[in-house]
Amino acid sequence: KNEVEQSPQNLTAQEGEFITINCSYSVGISALHWLQQHPGGGIVSLFMLSSGKKKHGRLIATINIQEKHSSLHITASHPRDSAVYICAVRQHADKLIFGTGTRLQVFP
Amino acid sequence: DAGVTQSPTHLIKTRGQQVTLRCSPKSGHDTVSWYQQALGQGPQFIFQYYEEEERQRGNFPDRFSGHQFPNYSSELNVNALLLGDSALYLCASSLEQHGYTFGSGTRLTVV
Numbered sequence: 003k004n005e006v007e008q009s010p011q012n013l014t015a016q017e018g019e020f021i022t023i024n025c026s027y028s029v030g031i032s033a034l035h036w037l038q039q040h041p042g043g044g045i046v047s048l049f050m051l052s053s054g055k056k057k058h059g060r061l062i063a064t065i066n067i068q069e070k071h072s073s074l075h076i077t078a079s080h081p082r083d084s085a086v087y088i089c090a091v092r093q094h095a096d097k098l099i100f101g102t103g104t105r106l107q108v109f110p
Numbered sequence: 011d012a013g014v015t016q017s018p019t020h021l022i023k024t025r026g027q028q029v030t031l032r033c034s035p036k037s038g039h040d041t042v043s044w045y046q047q048a049l050g051q052g053p054q055f056i057f058q059y060y061e062e063e064e065r066q067r068g069n070f071p072d073r074f075s076g077h078q079f080p081n082y083s084s085e086l087n088v089n090a091l092l093l094g095d096s097a098l099y100l101c102a103s104s105l106e107q108h109g110y111t112f113g114s115g116t117r118l119t120v121v
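Here the protein sequences come in this chain order: A and B. Its first residue numbered 3, the first sequence is counted upward by one per residue in the numbering used here. Its first residue numbered 11, the second sequence is counted upward by one per residue in the numbering used here.
Please note that the accuracy of each hint is not assured.
Claimed, not checked - Below are the DMTMM-like pairs computed for lysine to aspartate or glutamate, each with C-alpha atoms no more than 20 Å apart in a straight line:
#	chain 1	residue 1	chain 2	residue 2
1	A	Lys97	A	Asp83
2	A	Lys55	B	Glu64
3	A	Lys56	A	Glu69
4	B	Lys36	B	Glu63
5	A	Lys97	B	Glu106
6	A	Lys97	B	Glu85
7	A	Lys70	A	Glu7
8	B	Lys36	B	Glu106
9	B	Lys23	B	Glu64
10	B	Lys36	A	Asp96
11	B	Lys23	B	Asp72
12	A	Lys97	B	Glu62
13	A	Lys57	A	Glu19
14	A	Lys97	B	Asp40
15	A	Lys57	A	Asp96
16	A	Lys97	B	Glu61
17	A	Lys97	B	Glu63
18	B	Lys23	B	Glu85
19	B	Lys36	B	Asp72
20	A	Lys97	A	Glu7
21	A	Lys70	A	Asp96
22	B	Lys36	B	Glu61
23	A	Lys97	B	Glu64
24	B	Lys23	B	Asp95
25	A	Lys97	A	Glu19
26	B	Lys36	B	Glu62
27	A	Lys56	A	Asp83
Stated by the list, open to error - Going by beta-carbon spacing under 10 Å, a handful of chain B positions derived as facing chain A:
#	residue
28	Gly68
29	Phe70
30	Ser104
31	Glu106
32	Phe112
33	Arg117
Treat the hints as calculated values from the structure; they're not laboratory data. Remember, predicted model here, so these are calculated numbers, not experimental data. All residues carry an ideal CB built from backbone N, CA and C; glycine is no exception.
Throw the hints in and build the complete structure from the sequences for me.
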C-alpha cells in the first residue's frame, strides 16, 4: 500500500463544474503539498498546508490532520485547469513522498 | 527572480554510459532535492543535498550520486545507465520549512 493515496486517478469534467481531488496518507507529516504538473513535466506548487484550509483564486485546499486526509477543490473549472494534480507529504526529515497524481481533463 | 533551472531539458544516452544532470536552485534556497519520475508515476525521492553534503537518500543504487557546490547548485550523476533509468528527473529547491520550488525537469531516454 502506498504511503500517499490519491483519488480519483483520472477525472473528466465539463467547464464550470466543481471538482474535488482527495489525498490520504499513512505517515506522520510536517506539511502537505498540492502540486500541479503540466504535460511538459514542470511542477508548480499550489499549496503547502499543515492545518485547516487555504484558498487561492478558484482553488481551495483543506487538510484534516487527525484523519490524515486532504482535499483539493477547483470551483468553476476551466479547460486551462487540465493537468495532473499531485499530493505530496513532507515528512519531519524534510523528504517529500508523492502520490501518483490525478489526471484532470476539463472540456469546454 | 529566476526559479529552479535544470539542464539539459532532454537527453538521449546509450546503455552503460554515464550522465550528469544539473540544477540551479531558486535564489535564496540552500537545499536541493532530486526526484525520478517514471512515465505515469509520481516522483520518487533520490537524495537531498544541504551544505554540500548528502543529507538524505532514497532507495536508489550507488550508481546514482550527486554533488552540491558552494553556490548551492547541484549535479546528479548516473553511472552504467540502464533502460529503466529512462525518466523525468526533477530538481526541487527549498529553504528550511518553506515551500519547494521545482524545475521543469530533464527528460532522460536510455536506448
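Practice item. Take the C-alpha atoms of Lys23 of chain B and Glu85 of chain B, compute the straight-line distance between them, and say whether it is at most 20 Å. Key: holds (17 Å)
Point to revise | Gly68 of chain B as chain A interface residue, shortest Cβ-Cβ below 10 Å | key: holds (8 Å)
Review point. Are the Cα positions of Lys36 of chain B and Glu61 of chain B separated by 20 Å at most?
Key: holds (15 Å)
Practice item. Measure nothing beyond the straight line between the CA atoms of Lys36 of chain B and Glu62 of chain B; if it is 20 Å or shorter, mark the hint as holding. Key: holds (16 Å)
Check your understanding: When you check the alpha-carbon spacing of Lys97 of chain A and Asp40 of chain B, does it fall within 20 Å?
Key -> holds (15 Å)
Point to revise | Pair hint Lys57 of chain A and Asp96 of chain A, alpha-carbon separation not exceeding 20 Å | key: violated (24 Å)
Check your understanding: Does the alpha-carbon distance linking Lys70 of chain A and Glu7 of chain A stay inside the 20 Å limit?
Key -> holds (11 Å)
Review point. Quick one, are Lys97 of chain A and Glu7 of chain A close enough, alpha carbons at most 20 Å?
Key: With a Cα-Cα distance of about 17 Å, the restraint between Lys97 of chain A and Glu7 of chain A holds, given a limit of 20 Å.
Review point. Between Lys56 of chain A and Glu69 of chain A, is the straight-line Cα distance small enough, at 20 Å or below?
Key: holds (18 Å)
**Study point:** 20 Å limit on alpha-carbon distance, applied to hinted pair Lys97 of chain A and Glu61 of chain B
**Key:** The hint holds at about 16 Å.
**Study point:** 20 Å Cα cutoff - pair Lys97 of chain A, Glu63 of chain B
**Key:** Given that 20 Å is the threshold and the Cα spacing comes to 15 Å, the pair holds.
**Study point:** 20 Å Cα cutoff - pair Lys97 of chain A, Glu19 of chain A
**Key:** violated (34 Å)
Going down the numbered hints, you'll see the structure goes against 1, 2, 9, 15, 19, 25, 29, while the others check out.
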